[in-house]
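Colleague: For the record, in the sequence shown the residue sitting at position 84 is 381 according to the numbering used here, with numbers rising by one throughout.
Everything labelled a hint here was simulated from the structure, so no lab data went into it. Quick reminder that beta carbons are idealized off the backbone N, C-alpha and C, glycines included. Errors might be hidden in some of the hints.
[What the hints assert, rightly or not] Label-pair ranges, simulated between beta-carbon atoms:
(1) G330 <-> G542: 20 to 30 Å
(2) S586 <-> T522: 11 to 21 Å
(3) G330 <-> T557: 51 to 61 Å
(4) H331 <-> D549: 40 to 50 Å
(5) R414 <-> L497: 47 to 57 Å
(6) A510 <-> Q383: 46 to 56 Å
(7) L346 <-> R576: 45 to 55 Å
(8) G518 <-> A580: 41 to 51 Å
(9) L538 <-> G347: 29 to 39 Å
(10) E563 <-> F519: 22 to 32 Å
(11) G347 <-> G505: 20 to 30 Å
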Amino acid sequence: MVTLPLPNRICIVGLGVMGASLALALRERGYTGHLTGVSRTLATRDTALGRRMVDAATIDLAEGVRAAELVVLATPVRLLIEQIGQCATSCADEAIITDMGSTKAAIVTAMDALPERLCAVGGHPMCGKETAGIDAADAGLYVGAPWILTRSARSTDPAYAKVRALAEFVGARPRDLAVATHDPLLAYASHLPYALSVALVTATAGFGQANPAVWEIMAGGFRDTSRVAASDVTMWTDILLTNPGPVSDALDDAQRAIDTLRGLIERQDAAGLADFLARAASARRNRYSR
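Working from the sequences, and respecting the hints, build out all of it.
Modeller: So this is what it looks like as structure tokens:
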């Protein structure tokens, strides 16, 4: 339950699917404060205004954040890090800066460098869509989703509580996580699944060049396991490049599992293969009902 009122002036920087969905969720759930959007293009700015997602919109970051009490950065991670630096000179005293980035170490390092007159709290809503852009915005995107909160050197208790209140207001489930823990966990929970999905599609597409009939017999298994490969490329490029160590470790573990599976098949070890598959099936069923 939300225990704090939200700030009266919120600015969302980045009106793609995440930022625009946040704006819609705030509107739909009765936020009565002033909402400003900052977009990269005039077309997105005009769409946000035309759909009344925001009260004001601009393509100028400094203009957008100038009067904001809370700034939410919802852009690709490497751009987001640059924007944290820009906020250092553009935001009002005591403004709170948070983000929606999928990696945290580099982001929190940038937050730590902010002047003491500003507050900053790392954030990561665990949700999204394969489709990108403002037209894919969904007011219900955050309902029930974990929203990870990470402290920086500029996190005060009041600022932390207000960012937590924002997450609760749009229906998310806030969870505290230290920066040193976040990136290794996300490498397995999110980044490895994407990388494996990309590898699956890449391998199949290569095979399909000489064997196009493979695409005609695809069923639910391929669609399910390849789904996230269709996600926004810019977003994922930044995620993988800003979490290199943990992602490499996760890929190493996945490669070892693949090597084990391959060895069992090549040796025609039916008992070992059945045990390997059964342990994976059990691990999956213990966490998910379907």
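Colleague: If a hint holds in the structure, say so; if it doesn't, say that too.
Modeller: Tested hints:
1. G330 <-> G542: 20 to 30 Å: 40 Å, violated
2. S586 <-> T522: 11 to 21 Å: 18 Å Cβ-Cβ, so the 11 to 21 Å window holds.
3. G330 <-> T557: 51 to 61 Å: Given about 55 Å between the Cβ atoms, the range holds.
4. H331 <-> D549: 40 to 50 Å: 48 Å Cβ-Cβ, so the 40 to 50 Å window holds.
5. R414 <-> L497: 47 to 57 Å: 48 Å, holds
6. A510 <-> Q383: 46 to 56 Å: 52 Å, holds
7. L346 <-> R576: 45 to 55 Å: 54 Å, holds
8. G518 <-> A580: 41 to 51 Å: 18 Å, violated
9. L538 <-> G347: 29 to 39 Å: Distance hint for L538, G347 holds at roughly 35 Å.
10. E563 <-> F519: 22 to 32 Å: 24 Å, holds
11. G347 <-> G505: 20 to 30 Å: Violated: the Cβ-Cβ distance is about 41 Å, outside 20 to 30 Å.
Of the numbered hints stated above, those contradicted by the structure are hints 1, 8, 11, listed in ascending order.
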